[in-house]
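Generate coordinates for the entire structure from the input sequences, incorporating the hints supplied.
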Amino acid sequence: MADLSVLTGGRAGDGINSAGLLVSHLLNRMGYSTYMYFDYPSLIKGGHNFTITRAADMPVGACREKVDIVLALNQDTIDLHRDLMHDRTVVIYDSGKATADGQGVPVEEILKEEQAPPVMGNSCMIGAFAGAAGIPFTIVEEVFGTQIPRGLEKNLAVARRGYGSATRVLHIDRGHEGPFSLLSGNEAIGLGLLHGGLDAYVAYPMTPTSNLLHFLAGVAEDHPLTVVHPENEISVILMAHGLAYAGKRTAVGTSGGGFCLMTESFSMAGTNEVPLVVVMGQRTGPSTGLPTYTGQTDLHFMLHAGQGEFPRLVVAPGDITQACAWSARALSLAWTCQVPAIILVDKTLCEGIAPLRDGAFPPLPDENHDVPAGGRYRRYTITASGISPMLHPPVPGSAVKANSYIHDEAGITTERADVTVRMTEKRLRKGESLLHEIMRLDPVERSGREGASITLLCWGSTLPVCREVAGNLDFRVVQPVVLSPFPGEQLKRALSGAEQIVAVEENALGQLAMLCARNGITVDTSVRKIDGRPFAVEELERRILEVA
Amino acid sequence: MAERTLITGTQNTWCPGCGNFTIQFALRNAIQKLADEGVPLETIVLVTGIGCHAKMADYLDINSFYSIHGRTIPVATGIKLANPELTVLCCAGDGDAYAEGLDHLVFAAKRNSDITVIVHNNRVYGLTTGQYTPTSPLGFRGRSTPGGTIEPPFNPLSLMLTSGAGFIARGTTRRMKELEDLISRGLRYRGFAFIDVLQICASYFNVGELYDRQGYALSGHDPADFEAACRKAEEWDYNRDAPIGFGLFYRQEKPVFEEQFDHRRLTAADREDMIRAILAAKR
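Chain order of the listed sequences is C and Y.
The first sequence: position 510 = 510 (the working numbering), numbered continuously.
The second sequence: position 107 = 655 (the working numbering), numbered continuously.
Just so you know, nobody snuck in bad clues.
In silico contact screen, one side only, chain C against chain Y (beta carbon under 8 Å); selected entries:
1) L183
2) L194
3) H195
4) P230
5) A246
6) S265
7) M268
8) P393
9) G397
10) A399
11) V400
12) I412
13) T413
Computed from the model, here is a short list of chain Y residues facing chain C with C-beta under 10 Å:
14) P588
15) S612
16) V636
Restraint ranges, calculated between C-beta atoms of paired labels, are given here:
17) Y:E699 <-> C:C260: 25 to 31 Å
18) Y:R812 <-> C:P362: 22 to 28 Å
19) C:T420 <-> Y:D810: 39 to 45 Å
20) Y:R736 <-> C:G145: 50 to 56 Å
21) C:C260 <-> Y:P694: 30 to 36 Å
22) Y:R812 <-> C:E415: 39 to 45 Å
These aren't lab readings, by the way, just hints derived from the structure by calculation.
Backbone N, C-alpha and C fix where the C-beta goes; we use that ideal spot for every residue, glycine too.
Take a look at the structure:
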């Protein structure tokens with residue numbers, strides 16, 4: 001079985017993410033499934049950045065504990081990652097910047113001879129990697145052709161020199177997968193939202209969702225999409241209220257701190273029934289925490305954020321493909337059921353890069369807002385489903401009144417006890433309608449061996465690592481993708497027959513386990529991780545075997 | 549269209565003598581005038597915050613978004629961005645616009661969002677029963693400052709001038725006809741129109757006599773002259789006794805925020821083509 005891990009490291013500002021992505025694309029073109037993890041501190045230049053690209057002849061979505069090739073653009077890459085190397089790890093390094101046992105590449109000399117700028121040093125190293133790994137140069141040409149269209153000839157010339165300088169140490173056979181489109185989680189969410197009918201995206205920059213803002217701002221350069229970066233997250237969600245009230249399908253993006261600022265207006269969506277979608281990328285908290293590292297600590301915050309009681313959709317996709325599909329569905333469901341929706345992700349998923357697979361673009365239902373003929377339009381008409389026909393101004397002859405106060409059907413403020421009860425019940429009925437919609441969408445994912453006695457229960461970005469470990473140990477995996485409204489019945493069915501349920505979470509308190517307990521599902525044991533780094537495959541396997 | 553009075557049948561709960569009645573009628577008349585000129589009523593949207601002023605959303609029979617405290621302006625910008633055919637205005641209180649949501653006021657002026665903001669500036673919190681606001685005079689004895697405030701007010705006109713607003717006016721509920729005219733001009737202005745309305749609070753800060761005694765209508769003032777507007781704005785600092793000018797302080801055409809967006813709508817086919825192209829580039 002082919003399974004190769006390549007660490008690419010250098011200083012922040014040296015284009016390490018792009019270099020790692022090129023490594024991924026080379027292996028993607030070689031016919032493998034790839035996954036890339038990006039690790040970077042919260043600074044602009046000078047700190048240590050690295051990526052780990054893993055390629056295998058099966059779907060992978062997590063790193064292993066050791067790497068096979070180290071591509072070192074500086075000395076730190078060698079010194080800081082000795083624990084990731086095994087006996088046969090090959091180090092390919094820029095001989096002008098580092099010394100090591102391995103293959104030195106005279107990057108500076110090559111650049112001088114080719115009269116190429118220093119920025120092309122990474123192309124030289126990528127070429128050397130391809131040479132050492134036995135990847136045909138035609139593959140390098142293909143990848144550079146699509147990924148580095150600017151200065152292509154010069155980049156290829158430099159890469160060819162790097163390629164020639166390397167000693168072949170591996171022979172990677174052609175695999176049989178792909179080639180796939182490689183996307184970051186942020187990009188997958190963006191494409192899912194676009195598929196779901198996104199008209200506008202509003203965000204204030206915050207790791208790990210800033211790159212979703214950047215991606216959609218890039219799309220808006222060439223297409224009629226409204227992308228705004230206003231003064232703060234309070235303004236972000238309020239602009240979204242205005243856009244959606246006036247008929248534009250709108251999403252916002254942030255992380256925990258930004259969402260704290262949004263909660264007051266998130267609650268407003270509970271009462272004024274304006275459909276909103278929030279992309280919420282978790283990172284290590286509390287407060288500023290570890291801004292560029294991961295965590296799954298905000299689940300209960302999402303379930304309860306905002307004063308008052310109102311239905312909400314919370315979906316937690318586990319990989320790139322789910323992120324795309326459920327972002328589309330979240331936008332669609334928010335508008336169908338007129339509820340606020342949260343797409344709950346984390347740094348691992350947002351900034352990891354993996355292939356987009358089948359099922360990323362599900363068919364979506366048309367929304368149907370039949371307005372009773374005759375009479376003036378009433379925004380909050382009471383219905384059996386709780387969902388009132390939603391129109392947007394201008395509506396000839398009618399006023400469309402949205403209101404954050406308790407209001408009557410026309411949207412006029414009231415303090416009457418009976419209307420308060422009727423409108424509260426109406427809004428809560430939307431939660432039942434939402435649950436009904438959810439039940440048709442397989443809100444609980446199952447993989448691994450059906451009937452296995454040990455079941456790994458996970459949510460969000462730990463899905464791929466759980467799948468791999470379950471495959472190795474012959475366990476099964478159950479992942480509720482929808483966390484609110486809680487698909488309790490489906491989850492119970494998915495877990496039926498399990499002798500031991502092991503919850504895998506990247507938080508300290510076991511937030512999914514608590515949610516399950518509240519819904520009458522008992523988790524037997526938990527494996528938790530709280531250091532801001534995602535589980536490596538062997539690490540999770542070890543931790544599970546300690547308790548299972 | 550059937551005759552509409554623009555007033556809903558909702559029971560009005562402003563205090564007798566409240567300045568909000570004057571603003572309501574000035575605003576209604578200004579809106580009626582727009583409608584008479586052919587602007588469809590259904591294309592006018594009012595956004596209000598929370599406070600006595602905000603009941604305007606319930607009382608005026610037009611599209612409305614009754615928002616939360618301090619949060620009118622970004623909602624209004626969102627509405628205008630969604631549909632530039634709409635005429636969007638905010639009624640905000642001085643607590644809304646100058647305290648809780650001051651950031652939005654400054655940024656709407658900076659980006660020249662095409663909305664009209666009418667600040668019901670009664671210089672006191674009414675609905676929460678009498679605390680000081682950012683424009684209460686120094687030493688104001690309110691329920692949260694029984695010994696008198698120890699911080700002076702700021703001057704919203706000067707603030708708007710430095711923030712880049714292109715239409716800056718001050719009116720008062722003591723001069724309804726002029727107020728109506730200012731609102732009409734604000735609604736017609738392409739860009740961010742700011743109108744500070746000195747309004748009396750019948751219950752907690754009834755200083756109508758002050759506005760009558762010190763107030764005067766601007767005349768001979770050139771609203772295109774920024775320096776002159778700054779000097780005029782500084783004539784009264786919202787604190788000491790000084791002449792209080794009413795009228796248009798500043799007016800300047802500027803590029804409009806919402807006009808710089810592409811307002812076409814993607815068709816479903818366009819979307820799928822776009823997604824396919826992006827996926828191809830990532831392969």
